[in-house]
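**Student:** Residues per chain, in single letters:
4 protein chains.
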Amino acid sequence: MGLKTKSQYIESLRKMKPTVYMFGEKIPNVVDNPRLRAAIEATGVTYELAEMDKYRDLIVTQSPLINEPINRFTLPPSSVEDLVARVKINRVLGNRVGTCHQRCTGLDCLSALAIVTYDIDKKHKTNYYDRFQEFLKYMQKNDLTANAGVTDVKGDRSLSPHEQPDKDMYLRVVERRDDGMVVRGAKAHQTGSISSHEIIVLPTRALGKGDEDYAVAFAVPTDSPGLIHVVGRSTLDTRELDGCDIGNVRYSKYCPTVIFDDVFVPWDRVFMCGEVEFAVEMVARFSAFHRQSHGGCKSGRIDCMVGAALTMVDYSGTGKAGHLKQKVIDMIHRAETLYGCSLAASYEGREEPSGTYFIDPVGQCIQDP
Amino acid sequence: MGLKTKSQYIESLRKMKPTVYMFGEKIPNVVDNPRLRAAIEATGVTYELAEMDKYRDLIVTQSPLINEPINRFTLPPSSVEDLVARVKINRVLGNRVGTCHQRCTGLDCLSALAIVTYDIDKKHKTNYYDRFQEFLKYMQKNDLTANAGVTDVKGDRSLSPHEQPDKDMYLRVVERRDDGMVVRGAKAHQTGSISSHEIIVLPTRALGKGDEDYAVAFAVPTDSPGLIHVVGRSTLDTRELDGCDIGNVRYSKYCPTVIFDDVFVPWDRVFMCGEVEFAVEMVARFSAFHRQSHGGCKSGRIDCMVGAALTMVDYSGTGKAGHLKQKVIDMIHRAETLYGCSLAASYEGREEPSGTYFIDPVGQCIQDP
Amino acid sequence: MGLKTKSQYIESLRKMKPTVYMFGEKIPNVVDNPRLRAAIEATGVTYELAEMDKYRDLIVTQSPLINEPINRFTLPPSSVEDLVARVKINRVLGNRVGTCHQRCTGLDCLSALAIVTYDIDKKHKTNYYDRFQEFLKYMQKNDLTANAGVTDVKGDRSLSPHEQPDKDMYLRVVERRDDGMVVRGAKAHQTGSISSHEIIVLPTRALGKGDEDYAVAFAVPTDSPGLIHVVGRSTLDTRELDGCDIGNVRYSKYCPTVIFDDVFVPWDRVFMCGEVEFAVEMVARFSAFHRQSHGGCKSGRIDCMVGAALTMVDYSGTGKAGHLKQKVIDMIHRAETLYGCSLAASYEGREEPSGTYFIDPVGQCIQDP
Amino acid sequence: MGLKTKSQYIESLRKMKPTVYMFGEKIPNVVDNPRLRAAIEATGVTYELAEMDKYRDLIVTQSPLINEPINRFTLPPSSVEDLVARVKINRVLGNRVGTCHQRCTGLDCLSALAIVTYDIDKKHKTNYYDRFQEFLKYMQKNDLTANAGVTDVKGDRSLSPHEQPDKDMYLRVVERRDDGMVVRGAKAHQTGSISSHEIIVLPTRALGKGDEDYAVAFAVPTDSPGLIHVVGRSTLDTRELDGCDIGNVRYSKYCPTVIFDDVFVPWDRVFMCGEVEFAVEMVARFSAFHRQSHGGCKSGRIDCMVGAALTMVDYSGTGKAGHLKQKVIDMIHRAETLYGCSLAASYEGREEPSGTYFIDPVGQCIQDP
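For the protein sequence lines, the chains are D, X, W and H, in the order given.
Just remember that the working numbering sits 59 ahead of the position in the first sequence, which is counted from 1.
Just remember that the working numbering sits 59 ahead of the position in the second sequence, which is counted from 1.
Just remember that the working numbering sits 59 ahead of the position in the third sequence, which is counted from 1.
Just remember that the working numbering sits 59 ahead of the position in the fourth sequence, which is counted from 1.
The set of hints was computed from the structure by calculation and includes no laboratory data.
Errors might be hidden in some of the hints.
Because identical chains share one entry, a pair is satisfied inside a single copy or across any pair of copies.
To be verified - As a list, the in silico DSSO-like pairs of lysine-lysine whose alpha-carbon atoms are at most 30 Å apart: (1) LYS268 - LYS379; (2) LYS312 - LYS386; (3) LYS213 - LYS379; (4) LYS384 - LYS268.
Taking the hints into account, I'd like the entire structure generated from these sequences.
**Tutor:** Written out as structure tokens, the structure is:
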């Protein structure tokens, strides 16, 4: 147990048996499929950094929960330093893989749950927070990667979930049993779903009276029965099948829709169920954390683009062209503005009742329950 | 002879035997390859409109040269009305195919040559204009499509062609014979090269002393010996191989690099050879005409995007969202600005010494030889 | 009678006795007040051009109405050529005075009335068009300048005029008599009101049932009893009192609010009264013509700014700075885009039922009554 | 001594006798001139806050130099907390006065000198740092306001100072005496020069060999013999003479050119003299600190504009208009981006050799001597 190496991470995925379709065919071996592997390699870098002297101090920290060294991607922030470290790690990673490393959303979910489950319990005398802490220990002890199941397919945006003609436009509970609940629906844009061990599901919008079945948060393994990952097309996707021969590109991403075809969730993995008034806080916390992560990773990706642009300028002998210099300056300006705002939101963060730290979202509406 | 129907156009391409490579393989049958066919279909619409009552008057006109009804895509403008018609046809076409119809660049070349060959003759007592008129008659009589071979691969932009370490960075004459000349080099971004019957080559930049071998303009059939069309990758290219199943999309484009591996050009197809001081005028005239064409076709393409955007808004029930309305307004604003400027440049056009009409390029530098 | 010289224009203003306040004081002599004179000089250039060989053909034309040579600023367009000439004159003027010449809005009103009075008569069997033709003859015979009284002070934009708590937020009829009507209210942003001989009033927005008293169009002399011109403050206004010593600036503008304190209007000067459904067409036609005028004059003003910018660059020795070149290019781009769209809208103009020509407003909603 | 109240600050200015011209006349009484007083009132707020319970902790701190409570506007930052406090105070001030409070530039100069004088001494064995510390004690003990004399009139930007035809385009030493030096030249855009007790002069650009006489930094009282403040015109400047009757506006700014007509500076007030290679560092440090200040004050000013915009929307009943909401959102976006980047640069600050803290300027070139 404890910290995984990159190869241990990849082998741990190999042991899983998710149901995956791509280009209309079933993919039995996810790990060795060139297109999917390029994305797994990108997530793998979050493990690789923990093995490197240069980055260990940045990405490895002591867990106050299990009292062991853990990868920060399993740590809800418990100080301003933790908030700032999130941003800096993401810039290093974005800069290194030049694409989405796919491990930030899981942490964004863990961080949101570490705040909101506590708030729900306080109001409803539920025990979501304890359940979540147990789940969090499991994530930390095994250095797992989680994926965020947030974005529903939505249907008609002018209608609330329970008003939709098709009730499955938003993920919902279709059965409640003694040992757990059964959910149905789908989550779209699930970048990295099969590079992950767990999928953490949150509501994707504010909910109201009548939406109780849609107000659910939980976690399930990515190879749970009934979970179907349908990997969509993307630019030059078949070229990636050749093994990413595009210059020195080794990393990529893919973006499935994950169908929940009556998936069973044991109660100890359920972190919200029916408390509609907390849906908006859950998604607002998640979104705020996710924007904070992006402030780091996207500026790191722009670093790569700047390098690519300067290389092209160098190759084409246009280094003295003022309008090209200006374009590169604009790219740097964009990257540093993103990064600066993300750092500021982190340094100005505050402690929440649960002890978890939250960024300063600048007037983003967090409704108190 | 005379106007071709769309099917006659496609059959005329079937008779040609160009050397084509795509995805690393030789493509013996261009016309029936789904990816290439989708582009040929787009060019086909320029023939189809001439068969339709609704558009015949817009696209068919009488040739002052051969005194027969011709398709405007073989007519260098000889009046302000012709200039305006170019823009309006391109909007109809862009609007209809929602992509590049690939027949404008050939006409842009014919229009530039109709002006510059005359100017060269006036100064150098050459007979390029007469040669060009004979070629133009051939194009008109057979209702042919031409492709513009303008963009060289360029190499180091800070060096002139003859200063390049690799002399083939710009297309050039490598041999002069009694019956013609032999050229070597490559032209990039040759959208529609194998949807065309002829490739018209022009210089791509201003040239100076020492660049004489690079100052060439000529026309050759797309299946000339030594001509190699290498079709490049593009977004979702393999998906197009399935026959463009993307909703109702029937039209597409592809973009080869065309290699001139010692291609022979008979003298009567040569329209400039060594008059370096006219290179800038040739490319400036071509560019001005090409921008004018774009003012029509690109606004037509935006029309399609506006329709797509409004359909998405309709499907997702977001029709009342002010920020989405604003985005659609911005798209329309962009389209009408493009179209308006292109129309104005046409209405303000003037007659050139050769009798061909040129747009008002607003201070774009056309150096007089 | 007939064309006025610039000095005749200024003397004709001297004969008028408008009620004018500025800086809290009554201004008995408008023509010799340095601040107001600088604006009168700008309008004066519209008369001056008619005296200059270089511009006479552009600005002087034959009136189909009075069969005499007139200044185009008194001519509603009766052909595409007239529409185009409007734009080109305005660019010459904007370029020459570098500010607002203040004579375009009056023509925009005349042009709108030449279309809409005819449409109203057609529906309501009124005789507004004949009244307007008589007024137009008077304007042309005496080469007069008119000002557009369009923008009401408006109050609460979410309420229609008759719903306003203060009934005078929009100009309205307060009394109907045998010989004419009495109007009350105010028009804001009346640039050039006292550089004009006449004020032409139009509604400023769409009107509906209950707004009948507000649906009025008419013309009155600028020194009519009850008309009060209150000239507002503006940047460096007191500096203009020193006689515009700012470098070589000779022209300026001022912007009064004109109060209609129960002004009497004889019926033969009334061009609309109560036909609420035509208010939107009146203001939409006026706005479209006014935008067309701006496409010319604003691009002419940018020409001056470009010259000023290049002079500053020259003085400060920064001519080689790429980012400054880019800024000047952006200014030129803006000017030519404005001008191009305005020309295109003119060239694509159409004849209206009254015989007056209207631009192509590109989908701007002109509701047919 | 110690902290001044706002009224003590104003009385301290009344005791000074600067040479001031405005509107072509000499102004004997600066403090009671309505236009100048409105600006003095704005600076006065930096004293007023120190008297208010709500803000005292933010703006008052203990000086490590004189061991007394001081106003932060006399404190070069000696910690990250100090850097952050600079930004937050400026936002409070910008938000409160809605214009330039004019006290930040002096602190920006003090902060730059606290770093660079130390670096110069280290290389040249000079004693500028000690001189500066003595001056700083004087500033802190008397709670004085300083103005930044940085921007020279410059002349031809393509020439270095000593190459200028007119040697006075940049401020320079014209005489060196036993007791001090005599300087000649002018500094432009000296916002708040006569709201200040001292003027701190720095070079405005990188200097090189031959520019030795121009490489000077020093401080002199604003009423030193030979110092002439010429207050320029500004928008609605005469209206301010009526005592800022514009709604509830009580604060304003003015912007003189300060002429140094052979001003004597004793050696103990000279902080750089001839060390040309440090000019770029001096101005780069100042500029970085000044941008950091702006990140606070400008976002505070936008806060006022947002309030004004929302009030206008409220008055005109347009609160539901989506495009207006978007404009207000854009204003807030701009303010928070400025503020966020300024905070991030502060939180990421580092200690310099002198012990003063400097922001992270993100790759802004600070050349090491």
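**Student:** State for each hint whether it applies.
**Tutor:** The hints, checked one at a time:
1. LYS268 - LYS379: between (62 Å within a copy, 23 Å between copies)
2. LYS312 - LYS386: Both: 27 Å inside a chain and 28 Å across chains, each within 30 Å.
3. LYS213 - LYS379: between (50 Å within a copy, 17 Å between copies)
4. LYS384 - LYS268: Answer is between; shortest inter-copy Cα gap is 29 Å, intra-copy 55 Å.
Going through the hint list in order, the structure satisfies each hint without exception.
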